Amino acid sequence: MTGTPAPHASGDRSAAAANNSGVIANGDRAQVELRNLVLPPGALRPAVVDEAVAQLSNLFAPDSRVFEGRDSALAALRDLPSTGTGIVTQTVRGMGGVGKSTLVLHHAHAYLAAGHGPVWWIDASSAATISAGLASLAAAVSPVHAALPLDEGADWAVAWLQGRTGWLLIFDNAEEPADLQPYLGRLGTGQTLVTTRRDLSWRDLGFPLLLNTLTAEASVKVLREITGLRADSDVARLAELAEELGHLPLALQQAGAYLAQTRSSLAGYITRLRADPADVLATTAPGDPQQRTIAQLWSVTLDALHTADPRAVELLRILAHFAPDSLPRRVLSGSLPADQDVDHALGVLAAYSMITLNDEAVTVHRLVQTVLRSTTPAPAPRPSPRGIRRWLRRSRRVDPPRPSEAAVNWLHAAMPSASPEDVQSWPEWQELLPHVQAVDKHHHGVAELSTLATLLNQTAFYLRARGQASQALPLAERALAVSESALGPDHPTTAIRLSNLATTFSDLGRHAAALPLAERALAVSETALGPDHPTTAIRLGNLATTFGDLGRHAEALPMAERALAVSESALGPDHPTTAIRLGNLATTFGDLGRHAEALPLKERALAVSESALGPDHPDTAIRMGNLAATFSALGRHAEALPMAERALAVSETALGPDHPTTAIRLNNLAATFSALGRHAEALPMAERALAVSESALGPDHPTTAIRLGNLAATFSDLGRHSEALPMAERALAVSETAQGPVHPDTAIRLNNLAATLSALGRHAEALPLKERALAVTESALGPDHPDTAIRLSSLAATFSALGRHAEALPLAERALAVSESALGPDHPATARRVSKLNAIRALLEDPPNDEL
202 MTGTPAPHAS GDRSAAAANN SGVIANGDRA QVELRNLVLP PGALRPAVVD EAVAQLSNLF
262 APDSRVFEGR DSALAALRDL PSTGTGIVTQ TVRGMGGVGK STLVLHHAHA YLAAGHGPVW
322 WIDASSAATI SAGLASLAAA VSPVHAALPL DEGADWAVAW LQGRTGWLLI FDNAEEPADL
382 QPYLGRLGTG QTLVTTRRDL SWRDLGFPLL LNTLTAEASV KVLREITGLR ADSDVARLAE
442 LAEELGHLPL ALQQAGAYLA QTRSSLAGYI TRLRADPADV LATTAPGDPQ QRTIAQLWSV
502 TLDALHTADP RAVELLRILA HFAPDSLPRR VLSGSLPADQ DVDHALGVLA AYSMITLNDE
562 AVTVHRLVQT VLRSTTPAPA PRPSPRGIRR WLRRSRRVDP PRPSEAAVNW LHAAMPSASP
622 EDVQSWPEWQ ELLPHVQAVD KHHHGVAELS TLATLLNQTA FYLRARGQAS QALPLAERAL
682 AVSESALGPD HPTTAIRLSN LATTFSDLGR HAAALPLAER ALAVSETALG PDHPTTAIRL
742 GNLATTFGDL GRHAEALPMA ERALAVSESA LGPDHPTTAI RLGNLATTFG DLGRHAEALP
802 LKERALAVSE SALGPDHPDT AIRMGNLAAT FSALGRHAEA LPMAERALAV SETALGPDHP
862 TTAIRLNNLA ATFSALGRHA EALPMAERAL AVSESALGPD HPTTAIRLGN LAATFSDLGR
922 HSEALPMAER ALAVSETAQG PVHPDTAIRL NNLAATLSAL GRHAEALPLK ERALAVTESA
982 LGPDHPDTAI RLSSLAATFS ALGRHAEALP LAERALAVSE SALGPDHPAT ARRVSKLNAI
1042 RALLEDPPND EL
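Under this note's numbering, the first residue of the sequence shown is numbered 202, with each subsequent residue one higher.
Everything labelled a hint here was simulated from the structure, so no lab data went into it. In this text, all values refer to a predicted model and were calculated from it rather than measured experimentally. Certain hints may be false.
As the list claims (entries may be wrong) - What follows is a list of derived Cβ distance ranges for each label pair:
1. ARG475 to SER812: 49 to 59 angstroms
2. ALA253 to ALA379: 31 to 41 angstroms
3. SER1022 to GLU678: 24 to 34 angstroms
4. GLU353 to ARG531: 47 to 57 angstroms
5. ALA432 to ALA476: 19 to 29 angstroms
By construction, the Cβ of each residue, glycine as well, lies at the ideal position given by its N, Cα and C atoms.
Go ahead and model the full structure; you've got the sequences and the hints to work with.
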């Protein structure tokens, strides 16, 4: 060819050609066969030019335009260095559906938009899919590589990446670190992101970024954006749906898309989700068959778990019946034949991100639990109560318990061995509390009912001991219902449940509701155990207390006396329970105004408690406080003061500063200071006592009314009557609502409000209140009760203040007579009655001249 240099080749058996339409073969035995040579479509296209490599990508579009709540996670990925020496790797870990792939996809799109690249997405679920993904990159760079075997194509892609910088590889849904190591060790300078549901040792893959569920605020925003429901009236429902879905991004996207496309009722969707979660979570929006569903996603995971360790799946199904809160690992002790088996099963579950695990606790996402519970075979229909008891008597079942029954057994075995009243056991009880409530809600079998009732009863006991009677009530009610079903209405254990429920009602100030329960508990115990059994004594004492709470002290007295006699005979005079009976009888005497008879009983009760329980026990503090109150009632305030102070110190140390019993001690000490005329010292204690009671018991509890009344009285003692008035008014309103208009405590509130009005010079308004207070007290406590004397004297003072001295005189005379008879001639209250009577007589003999 003219003007064209001839081709040149050098070396043995070399060949050169300028233009060749065929094949050059070189070698001793070279053979060439050109038959059926087929190139893939586009194989002869040119390779991607260098200028376009940075835009090379196989990224797909996000499955939703809504992406919220991941700013900090995106920032963590964005701030990874993309240049420098060596490979930069980040692992994004989390449970299925938490949004790992979505997060990385948004980051990858932003990375590409910023001018970095190439960006390549690889399915990393197996070694084969990783090879295929890298080979596809090789083919995208130069289509001729599409004809290469996958391994060779993958090797070519790795070699090509070694000579470049600025690239990003995403290995999505990685299962095994070993599948990635052959490639990561050979790659050059760039960035890799690995998403995985597995919690494994990803050495050389950077610190894992653990992706959790969204915040409540972000969840609602996601739902609002997808559904278009933006009205304020929808926010509460959307928040309810987000909570039900556990703030899991994929579930939120799935639910939002379904609601948006079907225009379904939000309330109806929530109802269906609660009734049949497995079906709802397996349903995608119409016309979107490719979208993954939560149920499908976790079904694959469960299959993998079953292959890895079938016991892990069994364990997970039981864990589904607990609360989605941290469950102490000690609860699982003994759930499998050996502790190492438990550890291994938990490790497998954690490796697949189906649980969150640390050395102390395990947590399962609420949606995982919901799906597992709904896919567990349904229990047989529940028989009648009589059928339940017959089944329990005859059953000799050898098959393992259902998951819900196993959960009950585990919690029962994990209950603290100490009494729920023991403060040292409270942290353990608090850890178990949400799980007890959950297993009760999800328990549907007929087995383990007695165990469940015990678990519920003891948990309610713990809550009452902490002063949380409102939380204890539903558990106490359930404990009774379960016991009656399992054991029958006349069983001694049923009597315990009756008594405990009655006590819970009393703690809530609902004494009328407590009474029939306490009466029935006594009847069952007497019939089942006999009249002289220590347990019968407990029932007698509780019923006496209930009568006392209702102001029916005369009916309480014989029960309290009999309870003490039975306890002393059965347990001995120095038993702590005998101290309780002594204290209760003394309280009844005090309620009847017979404080002189109460005093030796309370002194003996304190001695027994101190000897049996120690000086720093909460029960000893109760005995001290009660004895101090009796000294005060007898006018011996100086003797009461050190006891009241010590009782407060012990209660605060043992129970904490915010316990209702601590509030009682504060209140009693404030009253003692006031009785000694030290009102300024009383005020902060009375204020704190009210704050504690209001927080622990609520603003409408009868005890809160007592605290309000006492604080109002302290303000009045300080001359701050205007500040006292609204408190006294509120105290009366609470007492009247909670205890009724004819309760002795209501009479106290009436009288105190009237006293405040009188202090403000509003005697005409005070008069009908004091008259009503006297009528209630006389009817409830009798005409000869010390409290009746207080009401008589107070009414006489109001008549006198109104200038009606003649009407005041017989009231004052009668007040003195009652005081002398009930308290004795040397009691300070009697001395006050004498002084007031003499003042009224003097006014009648020498009335003041109003004209001077």
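Hint by hint, here is what the structure shows:
no. : hint                                  : result
1   : ARG475 to SER812: 49 to 59 angstroms  : 56 angstroms, holds
2   : ALA253 to ALA379: 31 to 41 angstroms  : 35 angstroms, holds
3   : SER1022 to GLU678: 24 to 34 angstroms : 46 angstroms, violated
4   : GLU353 to ARG531: 47 to 57 angstroms  : 55 angstroms, holds
5   : ALA432 to ALA476: 19 to 29 angstroms  : 26 angstroms, holds
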